[in-house]
Every structure is written in C-alpha cells, then in structure tokens.
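Q: The lines below spell out each chain.
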Amino acid sequence: QDAVTLQLKWVTQAQFAGYYVAKDKGFYTEEGLDVTIKPGGPDVAPVQVLLGGGADVMVDWLPSALAAREQGAAIVNIAQPFKSSGMQLTCLKESGVATPADFAGKTLGVWFGGNEYPFLNWMSKLGLSTDGGDGVTVLKQGFNVDPLLQKQAACISTMTYNEYWQVIDAGITPEQLVNFNYTTEGVATLEDGLYAMEDKLADPAFEEKMVKFVRASMKGWKYAEENPDEAAMIVLENDDTGAQTEAHQKRMMGEIAKLTAGSNGALDVADFDATVAALMGGGSDPVISKVPEGAWTSAVTDKALN
Amino acid sequence: MKAVVPILTVLAVIVALWYAAAVWMNAPWERDQAARAGTAITFAQLLPLTMVQERPVLPAPHQVAVGLWEGLAGQAITSKRSLVYHGWVTLSATLLGFAIGTTAGVLLAVGIVHNRAMDLSVMPWAIASQTIPILAIAPMIIVVLNSVGVSGLLPKAIISAYLSFFPVVVGMVKGLRSPDAMQLDLLRTYNASRAATFWKLRLPASMPYLFTSLKVGIAAALVGAIVGELPTGAVAGLGARLLQGSYYGQTVQIWAALFTAAFAAAALVALIGAVQRVTLRRMGMAR
Amino acid sequence: MMKDRLNMAGPVIEARGLGLTFQTGDGPVHALKDVNLTIGRGDFVSFIGPSGCGKTTFLRAIAALEQPTEGTLTVNGMTPEQARKSRAYGYVFQAAGLYPWRTIAGNVRLPLEIMGFSKVEQEARVNNVLQLVDLEGFGKKFPWQLSGGMQQRASIARALAFDADILLMDEPFGALDEIVRDRLNEELLKLWARTGKTIGFVTHSIPEAVYLSTRIVVMSPRPGRITDVIDSPLPKERPLDIRDSAEFIAIAHRVREGLRAGHSYEV
Amino acid sequence: MMKDRLNMAGPVIEARGLGLTFQTGDGPVHALKDVNLTIGRGDFVSFIGPSGCGKTTFLRAIAALEQPTEGTLTVNGMTPEQARKSRAYGYVFQAAGLYPWRTIAGNVRLPLEIMGFSKVEQEARVNNVLQLVDLEGFGKKFPWQLSGGMQQRASIARALAFDADILLMDEPFGALDEIVRDRLNEELLKLWARTGKTIGFVTHSIPEAVYLSTRIVVMSPRPGRITDVIDSPLPKERPLDIRDSAEFIAIAHRVREGLRAGHSYEV
Amino acid sequence: MIWLVFAFGFWAAAWALNVRLAASSLMRSRAGRLAVPAIFGITLLVVWEGVVRGLAVPGVILPPPTAIAARIAAEVPTLWLDFVQTFVKGALSGYIMGCGAAVLVAIAIDRSPFLQRGLLPVGNFVAALPIVGIAPILVMWFGFDWHSKAAVVVVMVFFPVLVNTVAGLAASEVMQRDLMATYSASYWQTLWKLRLPAAMPFIFNGLKIATTLALIGAIVAEFFGSPIRGMGFRISTEVGRLGLDMVWAEITVAALAGSAFYGLVALIERGVTFWHPSQRH
Ligand SMILES: Nc1ncnc2c1ncn2[C@@H]1O[C@H](COP(=O)(O)OP(=O)(O)OP(=O)(O)O)[C@@H](O)[C@H]1O
Ligand SMILES: Nc1ncnc2c1ncn2[C@@H]1O[C@H](COP(=O)(O)OP(=O)(O)OP(=O)(O)O)[C@@H](O)[C@H]1O
Ligand SMILES: Cc1ncc(C[n+]2csc(CCO)c2C)c(N)n1
Ligand SMILES: [Mg+2]
Ligand SMILES: [Mg+2]
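Taken in order, these protein sequences are the chains called A, B, C, D and E. Residue numbers are given in this note's numbering: position 65 of the first sequence equals residue 65, and the series is strictly consecutive. Residue numbers are given in this note's numbering: position 59 of the second sequence equals residue 59, and the series is strictly consecutive. Residue numbers are given in this note's numbering: position 72 of the third sequence equals residue 72, and the series is strictly consecutive. Residue numbers are given in this note's numbering: position 242 of the fourth sequence equals residue 242, and the series is strictly consecutive. Residue numbers are given in this note's numbering: position 72 of the fifth sequence equals residue 72, and the series is strictly consecutive.
These aren't lab readings, by the way, just hints derived from the structure by calculation. One should not assume that every hint holds.
Each pair of labels, with its calculated beta carbon distance range [said to hold, decoys possible]:
id: 1; chain 1: E; residue 1: Val272; chain 2: D; residue 2: Pro233; range: 54 to 60 Å
id: 2; chain 1: E; residue 1: Val272; chain 2: B; residue 2: Trp24; range: 35 to 41 Å
id: 3; chain 1: B; residue 1: Ala12; chain 2: A; residue 2: Gly105; range: 45 to 51 Å
id: 4; chain 1: E; residue 1: Val5; chain 2: A; residue 2: Pro100; range: 55 to 61 Å
Idealized CB from N, CA, C, for every residue including glycine.
Just need the whole structure built from these sequences, with the hints factored in.
A: Following this line, the structure appears as structure tokens:
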C-alpha cells in the first residue's frame with residue numbers, strides 16, 4: 001500500500017467530505033492507497049506543509065496557490081473538485097448597505113492568510129481603496145462571525161456553506177441580510193483544488209499515486225453529493241475535536257454539493273484563465289505580476305478519469 | 001483552611017459581578033433583536049433571555065458550569081466530546097514539554113553559572129527569545145520538525161518547552177548563585193572541587209528558587225502546549241477546543257475549555273507546591 | 001589525610017612586608033600595609049583593632065581567601081594556596097554560616113565528606129566533636145532549631161572535625177552574652193592546651209584577647225598595620241578569675257592604650 | 001510637638017504584675033512573668049540577662065510594640081498605646097535599621113517629617129544631632145557607604161532628633177569595638193546628664209551596664225523575671241576610669257553573680 | 001557543505017574568542033561586556049545563514065538572515081506603521097493601564113488580609129487562563145482596533161504585577177515597621193515613606209516580567225481580529241502569503257523592541273532601587 005498524506009486547508013468539516021468519504025468507504029484502499037488526512041486551521045499554511053515535506057498533496061485556493069508559486073514554491077494544480085465559488089460578502093441591511101456603491105466609508109470584514117486576494121481584487125475593480133479614508137475600512141476578521149453580530153463591521157466575509165448559516169443560526173433572518181456573491185459580482189476565483197509539488201510529479205511513480213488518489217477522491221465526492229447526510233455523518237466521526245454538530249454539517253454538505261456539482265475533477269481552463277485575469281487586474285497592486293506558467297496540469301486527471 | 005472563607009467570599013462576589021456583567025453585555029443583542037422584530041422589550045422580559053443565549057457575549061456562570069459539567073462528567077472520558085480526553089491530550093504534551101524545558105533550563109543555568117563566556121553571551125539572548133511571539137513561530141516549528149519527520153506529541157512539547165525553559169533558567173541561575181560569599185569561602189577552606197561545591201552547596205541552596213520557577217514554568221508549559229495545538233491542525237486538545245469554539249462562535253465551549261485549562265494549571269502548580277513542601281521539609285528548609 | 005608535617009621547627013605562619021589593596025569603585029582601599037608577623041607552632045595569637053583595620057582581611061589572606069598584593073606570606077613554608085590545597089586549616093567565620101538544609105551532624109560532617117573520610121570515621125569524628133562543644137543529642141536538629149549560641153558552637157565543631165593543625169577564628173564569640181562567652185573561652189583554652197594547635201583569633205574584646213592568647217597583635221586602620229605585638233606572660237593554665245589579677249589588668253591596659261593610639265579618630 | 005508633660009512627679013514607667021505570653025506553634029512561650037518595676041523621671045535603667053530572658057520584649061511592651069497579657073503597664077500615667085500616640089519615646093533598635101533608600105540625613109529627618117516639623121526646624125535638628133554623634137559631613141552618604149559603627153550612631157541620632165522624653169535603647173552598641181563603645185558611652189552619659197531624659201537600656205555587657213546606669217535590672221529566663229534590681233551609688237559624673245574603682249568592681253561582681261544564678265544552664 | 005563547514009568553523013572560533021574575552025581584563029569595561037553577547041549573536045546569525053544555505057532550506061520555510069535584513073531595509077515604513085499600532089498603541093497603553101491598576105489594587109487589598117487570602121488564589125487562577133483563549137473573547141468585547149489589544153495586555157500584566165506588589169508591600173522588615181509605630185506614623189505616611197520604597201524591588205520584578213508579556217499579548221491578540229496593520233496582523237497574513245522574510249522582519253522588530261523595553265525598565269529599576277544589594281553587587 002502506498003502512503004499518501006493530504007493536507008487540508010481548514011479544520012475537519014463537510015467542505016472536505018469527499019476525502020473523508022473516500023477514506024471511510026475504502027475507495028482509497030481499493031486503489032492501494034493508505035491516505036492520512038491532516039486537518040488545517042487558521043495557523044496552518046498548507047503550502048508550507050507541502051514544501052516542508054509534511055504532505056504529498058494539499059487542498060488550497062487558486063489565488064493563494066498562484067501567489068505562492070510566484071514566491072518560488074513550485075506547486076501545481078492537479079485536480080479541481082470545486083467548480084463554483086462559495087465566497088460572499090454578507091451585510092446587515094440596517095447598516096445601510098444595499099449595493100457595492102454603498103461600501104465606501106464602511107467597515108468590511110475580510111479573511112487574510114491567503115484568502116484575501118479575491119476581495120482585494122474586487123475592491124480595486126470597484127475603485128475603492130482599502131486603507132480607510134474615502135475607501136473602505138478593512139478589518140482582519142477572526143475566525144467567526146462575531147464582528148457582524150456585534151456590529152463591529154457592516155459586512156463580513158462568509159462562505160455559502162458555513163459562516164452564512166452561523167449568522168442565520170445566531171438569530172438573524174435572511175431578510176435582514178444582504179449577500180454579495182463573488183460569482184455574481186464577476187470576481188469569483190477557483191476555490192478548493194488539489195495541489196502537489198512540481199518536482200515530485202516528474203516522478204512517474206508519484207504521478208501514478210496521484211492519479212489513484214484523484215480517482216478515489218472524486219469517487220468520494222460524487223458519493224458525498226449523492227448521499228449528503230451519510231457524508232456529513234462520516235465527517236462528524238472524523239472530527240477529533242468533537243466540536244461539530246450534526247445539523248450544521250448536514251446543511252454544510254448540502255451547500256457543498258452545489259459547489260462541486262459541476263466538476264468531474266478536471267480543471268476547466270476557462271475558469272483558470274478567469275481567475276488569473278482577475279488576479280492580474282488588481283489595479284496598482286496586483287496579486288500576481290505575470291501570467292503563471294505550468295501552474296496546472298491535466299496529466300493526472302486525464303489518466304484518472306479515463 | 002482559614003483561606004476558605006475569604007476565597008468563597010471573593011468567589012461569590014465575582015459570580016455576582018459576573019451575572020451582572022452577563023446581563024449588561026448580552027442585553028444589547030436582545031434589544032437589537034427586538035428592534036429588528038419591531039417590538040419593544042422591557043427589562044423584566046430581557047433579563048431571563050440574557051441568561052440563556054445561544055451565543056452570548058458573556059455566558060452566564062451557570063451556562064459555563066453546565067458546559068464544564070457536560071464536558072468533564074457528562075461524557076465517557078474517551079469520547080471526543082469529553083474535556084477530560086482533550087485535557088489529557090494537552091496535559092501529556094505539557095508534561096513532556098515541561099520535562100524537556102526544565103532539563104534544558106537547568107543545564108543552561110549550570111553552564112551559565114560555571115562558564116563566564118556562557119553567562120555573558122546566553123542571558124541577553126534568552127531574554128530576547130522570550131520577546132518573540134510564540135504564536136508566530138509555532139507553525140514554523142511544526143513545519144520544520146515535520147519536514148525532518150517529527151510529528152505528533154513532540155512538536156507541541158517543544159513549543160511548550162520553549163516557553164517553560166526561560167523561567168527555569170532565570171530562577172536557577174539566581175538559585176545556583178544564591179550561596180553567599182561565606183558559604184562559598186567555607187568550601188574553599190576545605191579545598192572542595194567544583195563538583196563538590198555544586199552538589200553540596202549550589203544545588204541544595206537553589207532548591208527554593210527551583211521550585212518557584214518550576215511553578216511558573218509548568219503554567220507556561222501548559223500555555224505552550226495549547227498554542228502548539230493550534231498549528232497542528234487543531235486535531236485534539238484544549239487548544240483545538242478553544243479554536244473550534246471560537247470558529248463556530250460557541251462561546252460556552254470556549255469558556256469551558258478555558259476553565260479546564262486554568263484548572264489544570266492550578267492543579268499542576270498545586271502539585272509542584274506539594275512536592276516543594278515535602279522536599280523542603282525533608283531538607284529542613286521549611287519550618 | 002596526609003598533612004604536611006614538615007617544618008615542625010620553622011614558623012607556621014610568616015608574613016613579610018605583606019600588603020593588600022582592594023580596587024573599588026571610588027579608588028583603592030589599602031586594607032593591609034607592610035605587615036610583618038611570625039607565628040610559631042602552638043601559638044594562640046589574637047588580633048585586635050578598630051573596625052575596618054584589616055583583621056578579617058589578614059585572616060582571609062592566611063587562608064588563601066584573599067590574594068595579597070605585596071610582600072610574602074607563607075604557611076607551613078608553603079604558599080597559602082598550597083596550604084589550602086593540603087587542607088591545613090579549619091576556619092570559623094564570624095557568623096555561624098551553617099547550611100540550613102543540613103542537620104547539625106550533617107553540617108559537621110560536610111568537610112569530612114569532601115575530604116573523603118570513610119563513613120565509619122565520619123560518624124566517629126562527628127560524635128567526638130559534637131561532644132567536645134557540648135552538643136551531643138542535637139545532631140539530628142536543623143540549625144534554626146538551635147539558639148544562636150548553639151549554632152556558633154556547631155560551626156566551631158565543624159572546623160575542628162577534620163583536625164587541621166591551624167585554626168583560624170574570626171570573632172567566633174561576637175554574638176554571645178558574657179556568661180556563655182566565658183564558658184566557651186574556657187573550653188577553647190582547654191582544647192588548645194590538649195591539642196597544641198596553632199590558633200589565629202580575631203576579637204573586639206580586650207579581656208577575651210588577653211585571657212586567651214599567648215600573643216596579642218594590635219592593629220590600626222587605614223592602612224591596616226600592626227602597631228603592637230604583646231607577648232603574654234600568663235601561664236598556660238588560666239582560671240577565669242585570672243582576669244582580676246594585676247598582671248592581666250596590666251596587659252589589658254597596654255592593649256587598650258595601643259588600641260586607643262590606633263583610634264586617631266574619627267571612627 | 002506638645003508632649004504630655006503632666007505627672008512630672010509620678011513615675012515615668014510603672015509595671016505591676018506584668019506578664020506576656022506568646023502563643024506559638026508548639027505551645028505558649030512565657031516571655032515575661034510577674035514583672036514589677038518603677039522607673040522615675042531621669043532614671044537611667046539598664047536591663048541585663050541571658051539571651052532570651054525577655055529584655056527586648058519588656059522594652060517593646062513599654063513602647064506598645066507588644067501587648068502584655070497580664071498585669072498593668074503605664075507610661076507617664078497613660079497606657080503605652082496612648083504614650084506612643086503622644087510620641088513620648090525614641091526607640092533605638094538592636095540593629096541600626098536605617099532605610100537604605102534614604103541618605104543618613106534623610107533617615108534622621110524621617111521622624112521629623114512624620115511629626116510635621118517645619119523644613120527649617122528639620123534642617124536645624126538634623127545638623128544638630130548628626131554633630132552630636134560625630135557624623136557631620138556624612139549626611140549625604142547612604143547607609144551602606146558607612147561602617148557598621150557609623151550606622152549605629154546614625155540610628156541613635158534618629159532617635160534623638162525629635163527630643164522625646166523617654167529613650168529606649170536595645171543593645172545599641174552591640175556591634176561596636178571597645179574603644180568606640182567607650183566613647184559613645186561617654187557621649188550618652190553627657191547627653192543624659194544634659195537633657196534629663198529617662199533612658200531604658202538593654203545590654204549584654206556588665207561593665208557597660210554598671211558604667212551607665214542609675215539602676216541595673218537583672219533578669220532571668222523562662223519565664224522572664226526580674227531577679228535583682230541594683231541601685232548604683234556611683235556619682236553622676238563618671239570618667240571612664242571609674243571602671244577600675246573598687247565600688248564599680250563590686251557592683252559588677254554583684255551583677256555577674258545575679259546573672260550566673262539566672263544561667264541555670266545549658267546555654 | 002562548504003557553508004555548513006564554514007558555519008561550524010565560525011562557531012568554534014567565535015566561542016574560543018568569547019571564552020578568552022570573558023576571562024580577560026576587558027570585562028571591566030562596558031564595551032567588553034557588550035562584546036561577548038554581540039559576538040554570540042553574530043555567531044548565531046552566521047550559523048543560521050550557513051545552515052540555511054548549506055542544507056538548501058527553502059526560503060518559504062526559513063529565510064536566511066541576509067534576506068531578512070534586506071526585507072527590513074526595504075520595508076521600514078510598513079514596519080514602523082505596524083510598530084506604532086502594536087507596540088505604542090496596544091502594548092504600551094495596556095502595559096501602563098495594567099501595571100497601574102495592579103499597583104493600585106495591590107495597595108487596596110493590602111489593607112485587608114481577608115481580601116488578600118481570598119483574592120490572590122483566585123487571581124493566580126485567572127492568571128493561568130491561557131491568552132489564546134482570552135484574546136478572542138476580548139476582541140469580541142472591545143472591537144478589533146488597538147483597544148482590545150490593550151485589554152489583552154492589561155489582563156496579562158495585571159496579575160504578575162499584583163502578586164509582586166502585594167509581596168513587596170509585605171517586604172518591609174518588622175523592625176522597620178516598628179520604627180514607624182514608635183513615631184505613631186499614619187497609614188499613609190508608613191505606606192509612602194516605608195512600604196512603597198521597600199516594595200520597589202519586587203514591583204520592578206513584576207514590571208520586568210510584564211514587558212515581555214505585554215508585547216507578546218499585543219501581537220497574539222491581533223491574530224484574532226485586527227485592522228490591516230500591526231505586527232501580529234502582518235505576521236499572520238504574510239505566513240499565508242509565504243512572505244517568510246517579512247514574518248522574520250517583524251519578529252526581529254518584536255525582539256528588538258521587547259529587549260529594549262525590558263532594558264529600559266531594568267534601567268529605571270537601577271535608578272529607583274539603587275539602594276538594593278542586588279544593584280550593588
Ligand atoms: N571585598 C572588599 N572590597 C573592598 N574593600 C574591602 C573588601 N573587604 C574589606 N575591605 C576593606 O578593607 C578594610 C579592612 O576590612 P576588614 O574586613 O579586614 O576589617 P576588620 O578589621 O575585619 O573589621 P571588623 O572589625 O569590622 O570586622 C576595610 O576598610 C574594608 O572596608
Ligand atoms: N514574636 C515572638 N513569638 C514567639 N516567641 C517570642 C517572640 N518574640 C520573642 N519570643 C520569645 O520570648 C522570649 C524572650 O525574647 P526576647 O527577645 O525578649 O529576649 P531578649 O532578652 O531580648 O534576648 P536577647 O539577648 O537574645 O536579645 C524568648 O524565649 C523568645 O524566644
Ligand atoms: C483566519 C481565517 N482564515 C480564513 C477563514 C475562513 N475560511 C474557513 S474555511 C475557508 C475556506 C477554505 O476552507 C475559509 C475562507 C477563517 N474563518 N479564518
Ligand atoms: Mg572582620
Ligand atoms: Mg533582645
């Protein structure tokens with residue numbers, strides 16, 4: 001059995017259901033793989049772990065992966081299970097935000113640590129500066145939705161599958177909220193993809209391992225899409241902290257299924273180019289300065305899916 | 001024993017203040033909710049609501065108590081929802097880190113006391129090392145150790161050791177230097193070797209300092225273990241509980257984990273205190 | 001314990017043109033200057049002089065705890081350092097300085113452990129000296145369980161335990177009241193008579209110096225010099241009431257005069 | 001400072017059946033028992049007795065620093081507590097106990113600040129008492145820059161600065177060498193003769209007690225009792241060599257005998 | 001390999017030099033005493049550089065000191081902005097408030113043994129609450145700007161200073177207090193003229209410990225929500241961007257600022273407690 005270590009971008013939750021399902025249902029074992037799944041968290045930079053040799057493959061967002069690649073980290077997208085973006089900006093209606101034109105002068109909560117690129121890109125498209133003044137005041141949002149509930153920010157970043165529901169659960173009704181979806185605003189970027197080291201991929205044996213891994217993972221994803229409740233329970237069992245709740249994970253799985261629905265695992269080049277274009281158009285301070293070369297490969301998915 | 005009444009009194013006052021603060025801090029949310037619903041709310045209606053919020057700004061004491069009770073006693077201790085289980089995960093890293101940190105601290109102190117070059121060069125840098133924000137380098141330590149194949153308990157323990165060695169160094173240097181000139185001169189008149197001076201004078205004389213710094217050190221080790229749990233992917237342990245709690249806005253869970261950590265620290269410190277009393281009494285240094 | 005028993009005939013301690021200067025923040029302090037003194041085997045020499053005149057410093061130089069800056073100092077014909085290495089002396093500090101984590105017996109045993117006596121020998125000697133200073137039965141107590149006077153005696157026992165030829169005592173009885181002091185003076189004299197040790201003894205008390213010594217060294221301060229060396233004509237056997245004899249009073253008077261001369265005030 | 005100058009005729013300090021018991025971990029310690037003593041205005045009373053007999057305790061009780069458990073104690077006809085509040089005494093502790101963060105002048109000035117003397121008055125008094133104890137020129141130094149003897153004198157100056165009627169001194173000269181001690185004894189006598197203060201004085205030295213006092217109180221330990229009160233027939237004018245007079249020696253002898261009786265040994 | 005050999009060769013040479021320096025008479029001069037730790041520090045940096053280059057450690061895991069130095073030089077304005085936000089606004093204000101409050105509370109409870117017995121154990125318990133748990137709560141309470149950072153610092157420094165001050169207020173000797181009693185001095189006179197001066201060595205012990213705590217507290221609190229400036233903010237975002245040289249640049253600033261802060265307090269201590277034996281050797 002070949003050992004593979006997967007580094008997640010965040011803590012154990014239904015966002016990564018496909019991998020847990022594949023492990024739990026024995027899809028990996030069928031491929032002859034022994035997969036270890038390492039949860040992430042706000043203090044984990046998956047690229048660092050990958051470069052440090054702590055993992056063979058990781059889940060990351062394309063913007064931060066491309067930024068890392070420009071920093072000299074030779075990582076390559078080998079598969080893209082997520083088709084659509086789940087990121088949005090959620091605002092309290094009472095704060096007076098109805099359209100993006102109302103952002104000026106408001107405080108907006110943003111995730112940093114590699115997740116800030118789509119937002120910065122959007123703001124530069126809107127022509128809003130992000131260092132206060134006549135633009136917007138940016139708040140580095142912590143782990144949760146408190147800034148909105150405590151009215152420290154007019155809007156905060158949420159994922160359709162997670163934080164948005166936390167706001168709802170806290171007792172705020174959808175009618176009291178305004179959502180700005182990144183896809184609708186035309187600034188969506190590719191989210192959870194699978195990445196590996198370029199030099200390791202040059203080794204056919206490793207590539208073969210990745211092929212098996214992607215094939216089994218996609219099987220897991222499709223199973224999860226079809227059996228969301230079971231998938232959620234599998235995730236729950238794998239949560240070592242015991243902090244997740246069943247209701248929340250089931251709902252999250254339902255939302256995640258919408259994002260993975262359009263993907264068979266292969267990267268859609270048009271989506272990739274759209275993300276790159278968005279990142280390069282970031283005004284005076286673009287996220288990446290030149291079109292990335294070799295940042296993705298279809299070699300793995302080609303073999304895995306045929 | 002005569003401390004019991006004062007402590008209980010102080011606790012009672014704190015709990016009372018805490019309840020008052022809980023009402024005060026949780027009330028705006030209820031008022032906002034009422035306003036959003038377009039209704040008015042009286043204080044009498046509001047009061048009970050502030051005691052039972054799902055995501056309170058400040059949970060009421062009984063909410064924390066219930067959270068603690070469920071976490072500690074309401075689960076099988078092997079359950080992932082048990083605070084005993086998570087407490088043990090953190091505690092094992094704490095103890096290992098404390099052992100490493102104490103050993104390193106004592107050895108460094110011995111070196112500093114016996115070697116002037118070490119004295120002059122190490123001390124300022126030991127101080128500087130403690131001004132480095134541990135949360136910033138903890139992920140790097142984990143990654144670096146990971147890349148050389150070390151994972152699991154040890155990386156956490158090393159972060160915990162990083163925090164606990166410093167008080168031990170400072171205390172032990174002070175302790176090993178605490179013999180006065182006359183006590184040292186006495187051994188010189190016997191032409192005692194450095195080793196004899198160490199074992200028969202410096203080490204016994206340093207015991208009170210050692211225990212004091214061990215108390216500080218073990219509390220620091222616990223904090224280190226918790227910090228070390230965050231960048232390991234928050235798999236298990238009190239740090240993971242804290243993090244997950246804040247991620248999902250489960251205020252009560254944060255507070256329960258927080259209190260468990262503080263109880264653990266208090267228990268560890270008390271344990272060292274007990275060892276200290278026994279040792280010092282044996283040595284005739286406590287009266 | 002092979003001590004150097006050569007030079008039985010020669011002087012035990014010999015200082016020639018001895019000087020010792022401390023370098024301090026505000027300039028050098030001349031603690032000793034041009035000190036010449038010869039102490040023979042079996043002498044009981046007292047040092048007396050105003051505060052700060054260098055008595056302690058001189059004793060410490062003999063014990064190689066300070067380094068003279070001028071002149072020569074020999075102990076048993078060796079340098080003080082060599083003598084220290086050969087464990088030639090027992091030193092009683094002004095304060096008892098017992099290690100608080102050791103029992104009384106443990107404290108007395110300390111030098112024996114360090115010098116590698118056998119366990120049996122250690123036990124025997126500890127019992128022996130504790131008896132000598134009237135502390136049998138207190139071996140298992142810790143220092144703080146004893147009165148100041150008892151602690152002082154334990155520290156004397158500690159210095160006697162390994163039976164060094166030379167005994168250096170720095171105001172050993174300073175903290176005791178007159179009656180206890182008298183008693184210990186008698187005991188010390190008896191011990192000295194019995195063992196024939198060479199003793200250097202610092203005191204502030206003129207009667208004590210006269211009562212105990214074969215020679216009294218009077219010192220004066222800034223810089224510390226020897227102003228008078230008085231050989232005592234008193235017999236070796238000295239009952240306490242010898243202090244009322246005319247001879248005694250005469251010597252005491254001479255010491256007092258010497259001291260007063262040294263006190264060219266201000267204190 | 002309006003001190004209570006009533007009762008000029010009555011006794012200054014009067015103890016009747018005074019007892020003081022400390023409650024300690026291993027049972028009560030009877031520090032004082034059935035102490036009866038009357039001290040009149042202008043008396044110089046010395047307390048002498050073996051270590052632990054309660055001398056300090058008695059002095060502290062007079063100064064209202066300890067609470068007697070039996071009997072009565074009055075100072076100037078008031079309770080010690082009231083007397084303390086009316087700032088009736090200066091107290092010299094056994095150790096100098098200067099505040100290290102204050103200069104010598106600052107230390108002497110301390111009671112004056114507390115009692116609200118004017119700045120000018122403070123300066124004048126500080127200079128005055130520093131001169132009295134031979135420390136002019138050292139006012140700006142810190143305690144650790146002075147020898148032990150000088151510190152001791154500074155603490156005496158501090159107690160004299162505010163001119164209390166009663167002076168309580170607990171072994172004030174214990175740490176000094178004989179010559180300095182003699183000199184300070186003379187000075188103290190002069191001061192006493194000049195000011196007519198009432199002085200309570202603890203010492204371990206028999207000659208000192210005899211030389212200074214109008215009355216000598218001999219105490220014995222466990223429990224602390226007064227075993228002898230000796231009224232001195234010596235004249236108020238006392239040159240140092242009065243100590244060689246037959247009268248002096250006789251009193252000293254009586255004190256020594258009293259002391260020895262108290263020492264029902266072991267130390 | 002060459003780099004490794006060079007690094008360890010340098011280490012050995014510098015250590016030998018330090019051993020000689022430490023034994024030499026140069027140690028009496030201030031420059032001599034500064035030279036030894038400086039040489040040691042330089043050695044650490046050289047070994048670091050050598051190891052990173054020798055083992056070809058990727059820059060995104062551990063950058064070499066030269067890269068960090070270059071980044072510091074290039075980013076002075078940003079570093080300054082972060083320093084002001086975190087150190088001046090967060091750490092310093094919290095330090096002053098926390099230490100001030102601790103001393104005042106210590107004086108207040110000093111009058112009551114009852115409160116002391118009750119409050120100190122509870123205080124020790126509160127002091128054991130891990131900062132990583134408290135920080136998110138305080139950020140929720142006090143907002144994301146520097147106020148919450150200052151609050152975290154207040155919580156962190158309060159108890160060490162309180163405990164030390166209480167111990168210090170009890171540190172005057174019986175005899176020194178008795179002296180005041182013989183003067184029939186009032187409570188405030190005794191406090192002002194005796195107990196506070198006598199407590200200073202202890203208070204400064206607490207104040208020194210508090211310096212490093214303050215800086216760490218302010219930085220760590222920024223991990224849990226902050227405006228887009230500050231040392232903690234920069235560190236956490238740059239880790240995500242793999243800007244490790246910038247991370248280390250901030251760490252360097254933190255270490256320098258922390259050591260300087262510590263040094264400053266130690267210097268004030270020297271001035272205030274000049275009379276204490278530990279200051280006089
Ligand atoms: N380590 C030192 N550094 C500087 N000066 C010193 C040191 N030790 C002693 N002195 C000075 O040397 C002189 C002699 O000191 P020493 O202790 O020998 O006096 P002493 O005669 O023993 O006095 P005492 O009767 O007070 O014990 C004093 O002036 C003292 O201040
Ligand atoms: N605070 C206390 N608690 C318990 N016992 C005490 C206390 N103070 C003094 N004693 C005891 O009271 C007795 C008398 O002590 P005190 O200090 O008055 O003796 P003293 O005559 O001054 O002796 P010295 O000559 O040693 O100064 C002693 O046995 C001592 O142990
Ligand atoms: C410091 C921090 N960074 C990111 C997120 C939000 N987050 C959690 S999961 C996820 C998507 C990838 O899993 C994102 C963006 C956060 N809450 N805190
Ligand atoms: Mg001396
Ligand atoms: Mg006394």
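Q: Hint by hint, note whether the structure agrees.
A: A quick look at each hint next to the structure:
{"no.": "1", "hint": "E:Val272 - D:Pro233: 54 to 60 Å", "verdict": "holds (56 Å)"}
{"no.": "2", "hint": "E:Val272 - B:Trp24: 35 to 41 Å", "verdict": "holds (40 Å)"}
{"no.": "3", "hint": "B:Ala12 - A:Gly105: 45 to 51 Å", "verdict": "holds (47 Å)"}
{"no.": "4", "hint": "E:Val5 - A:Pro100: 55 to 61 Å", "verdict": "holds (60 Å)"}
Comparing the model with each earlier hint shows no violations; every hint is respected.
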